[in-house]
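As given, the protein sequences belong to chains W and F, one line each in that order.
Each residue of the first sequence is one higher than the one before, starting from 5 at the first, in my numbering.
Each residue of the second sequence is one higher than the one before, starting from 61 at the first, in my numbering.
Source of the hints: derived by calculation from the structure; they are not laboratory data.
Don't take each hint at face value.
Label-pair distances were calculated between CB atoms; the ranges are [unchecked claim]:
| no. | chain 1 | residue 1 | chain 2 | residue 2 | range |
| --- | --- | --- | --- | --- | --- |
| 1 | W | 96 | F | 108 | 18 to 28 Å |
| 2 | F | 200 | W | 7 | 17 to 27 Å |
| 3 | W | 39 | F | 149 | 40 to 50 Å |
| 4 | F | 134 | W | 14 | 25 to 35 Å |
| 5 | W | 10 | F | 196 | 38 to 48 Å |
| 6 | W | 13 | F | 193 | 36 to 46 Å |
| 7 | W | 108 | F | 85 | 36 to 46 Å |
Don't be surprised by glycine CBs; every beta carbon is placed ideally from N, CA and C.
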Amino acid sequence: MNVLDNALGVHAQTLGMRSQRMELLARNIANADTPNFKARDIDFKQVMQQAQDTAMVTTQVGHVAQGDAGSADAVKYRTPFNTAFDGNTVELHVEQAKYGKSAADYQATLNFLEQRVSGIRKALRGD
Amino acid sequence: MALDQIFGIAGSALNSQSVRMNTIASNLANAGTVAGTDQDAFRAKRAVFKTIMEQQGSTPGNSYQGGVKVQQISDDPTPVRRLLDPGNPLADKDGYVYTSNVNEMGEMVDMMAASRSYQNNVEVINTARQLLMRTLDLTKA
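Chain F with its partners taken away, still in its complex shape (with noise of 0.2 Å):
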């Protein structure tokens, strides 16, 4: 039956996309951080997706091959910008403090494709789950 299948594929999906989601809010929440060397400057994070090729993960009767999956959560290489605050506690010898790279305008059109993108699997699982309503409903025709 692969009606029943669609669940555990959009299913694998939603989760995906909040994983994004989750991402996306951390980067938000750290946009404004600054640290005193390049290396421990905050750099945004970015869920790689994958789709699911075999059974793996996937529990007794519910499948989720087709599905997608975050194969790695990486950091944006786009260089921190550094920037003069000499009064900052955080600044290094010269005076400089390391901002994150995280690009707030970038952030929430990534945000609205992530809850578009929910959005579709939503209903993906409702049109499903109504078909399948209905054709249990066969037994009563």
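Just chain W, same shape as in the assembly (with noise of 0.2 Å):
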């Protein structure tokens, strides 16, 4: 199992991030009518980073997993261009933008992926 861990590279965790980054995204999309609700996002280079920097494992139960973009200080509220009346932060149009790219983010990942598993299939078979 380790050995397809390490084949798959960092892809694997960063598909993980991703997806989690547009769950968050689209929360921020269907509340855009909520009065009071503030946009977050993932700061995706701070969840990398961290991810990089200290490679720890963990071991226990209790452990937090490094790199988590679920932690608490990954997640950031967004600063708004423009505050409404009602103290809701979502432009609809920056979430619709973000939502777009980070799809686009997410489908580049899984061709880094395909790339892998089809090297992976490929070397196993022989021929």
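Mind docking these for me? Both chains are given alone in their own frames, and the hints should help you get the complex.
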């Protein structure tokens, strides 16, 4: 299993992180009309930095995985360009653009993973 | 897996927006109603949205956490209009009837906003579905 994890590299982890970010953006879009809702986003750079700097392993049940996008410090509130009267900081066009971009990012990561998987498959088949 | 939670979140938004559309339809339908007293006059209904914070109301395998729900449907506090119409059978002893406080123009604008929000969330679901299907295709790579 360890061999397979190494073969997939950082991309397997990245895919999970990207899908978590998309979930967060979907929450923002769903709450575009909710009074006092504050838009949130994941600082992707920081999460990746954390994952690379200290590659700590969870060995016990109580341990928290490093570079987990769900951890509180990675999720940040967005600073809106314009504030709304009802205290909502979701700007729909901004969220839409970010959702579209993160969908493209997700597909890019998928492409990398596909290449890795087909490489492994080719090696296993041996022809 | 976070991608499949998008279905629950955006689904809850679709539900809330359709409730909003329903209240707007009700408001527009009742825009022309009159009543004999101030209390009986129709008042425009407003859907008040709230974020779903906990696992409340979620079914197993389908989380709505972070989605949106309709917290309450409240009356528009705008005062109702009083019209002099002695010929109306509902008129009070001074000859006045009380019309609804529905602002038709505002309701139409609100309807457009609700419909756009609905479309946005449908688009979110579509994108998430496509990505999920592509992820499943990873096994065929």
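**Prompt:** In ascending order, which of the hints set out earlier in this document are inconsistent with the structure?
**Reply:** 4, 5, 6
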